[in-house]
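Asker: Residue-level listing of the chains:
Number of protein chains: 2
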Amino acid sequence: MSEIDRMLAANEEWLGEFPGPVPVAPARKVAVVACMDSRMPLFGLLGLAVGDAHVLRNAGGLVTEDTLRSLAVSQHLLGTRSVVLVHHTDCGLNKATEEQFRAAVEEATGVRPPWPAGAFTDLDGDVRESIRRIREAPYLVTEEIRGTVYDVATGRLREVA
Amino acid sequence: MSEIDRMLAANEEWLGEFPGPVPVAPARKVAVVACMDSRMPLFGLLGLAVGDAHVLRNAGGLVTEDTLRSLAVSQHLLGTRSVVLVHHTDCGLNKATEEQFRAAVEEATGVRPPWPAGAFTDLDGDVRESIRRIREAPYLVTEEIRGTVYDVATGRLREVA
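Note that the protein sequences, when read in sequence, are chains A and B.
Per this note's numbering, the first sequence starts with residue 39, numbered consecutively.
Per this note's numbering, the second sequence starts with residue 39, numbered consecutively.
These are computed hints drawn from the structure, not numbers from a lab.
We put the beta carbon where it would ideally sit given N, CA and C, even for glycine.
Hints may contain errors.
Derived, one-sided and incomplete: chain A residues facing chain B with beta-carbon distance under 8 Å [as the list claims (entries may be wrong)]:
1) Met39
2) Val60
3) Pro79
4) Leu83
5) Leu94
6) Arg95
7) Phe158
8) Leu195
9) Val198
10) Ala199
Where chain A lies over chain B, by a calculated footprint (3+ residues, C-beta under 8 Å) [as the list claims (entries may be wrong)]:
11) 50-57
12) 64-74
13) 90-96
14) 158-172
15) 190-198
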């Protein structure tokens, strides 16, 4: 039984907790933009209920073109107006370099990746840069945006000034 | 108090449930690629514990360039080898058209979006297309990939053949 088989089997248990259908538009009009890190159960750590908020996640919680596309869909088709960024301590992209990434991909596959990993050195600075990119996107209508860092050693969120 | 303030306050309650630190590399070597939809608490519906799996999410659960970048980071820097896709019923991108999206953005902001929303008409076909894109990426080393659709009315996951 593979790990994915185990996840599909676990879905049977979820059926007993399933809260029932809710509308497609997020009730609290918030989109969360976070890193894919395995240690961030965002519903739990932000106190979200099913139906409350969109959740966007990628490597690093970076604001990429795909993030902007997703936020535009979130805001213009589904009515969200706030964005909260959740970066975190001990991030793989804060510990590795672009050269390490390229070398690892090339060694395993023989191919050089066509894009950078998105490695960064300044955690708070990366949050501020992400805020700036969302604020400057002319096709968004964000009314509130806040940036945070999650401490994976303690479970605590810290707001980045 | 804004909705984001409420989320930051809710983090205080999470501290009582926080399971303690775990390693950065996902224990079950799986990356989940899912839609940003507000009705999918992936830790709950897949039975994930903190530290088990990477979670990638965007509008539609589409496999974009950013998804491939994130999967390359997940596999080559953090050791995952399986991918499970989670699309869902009642998706905003399955109900809207590109023309509706462009019109909504332009009406609200005066600007035309520089990219399509990623609207699709065939839910299962979109899952299969996503599987194909990941299988064909030469810089990935995926050992197992499965595609599912989550029913937001019942909480049940269905595997797409």
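Asker: With reference to the structure, classify each hint as holding or not holding.
Answerer: Checked hints:
1. Met39: 12 Å, violated
2. Val60: OK, holds: valine 60(A) within 8 Å of chain B, min 6 Å.
3. Pro79: 4 Å, holds
4. Leu83: 5 Å, holds
5. Leu94: Interface hint status for leucine 94(A): holds (5 Å vs cutoff 8 Å).
6. Arg95: 4 Å, holds
7. Phe158: 12 Å, violated
8. Leu195: 4 Å, holds
9. Val198: Constraint on valine 198(A) not satisfied, violated at 12 Å.
10. Ala199: 14 Å, violated
11. 50-57: holds (count 5)
12. 64-74: holds (count 7)
13. 90-96: holds (count 7)
14. 158-172: That given contact is violated, which follows from only 0 residues of the stretch 158-172 of chain B lying within Cβ reach (below 8 Å) of chain A.
15. 190-198: As far as the stretch 190-198 of chain B goes, the hint holds, because 7 residues have Cβ atoms under 8 Å from chain A.
The structure fails hints 1, 7, 9, 10, 14 (numbered hints given earlier, in ascending order).
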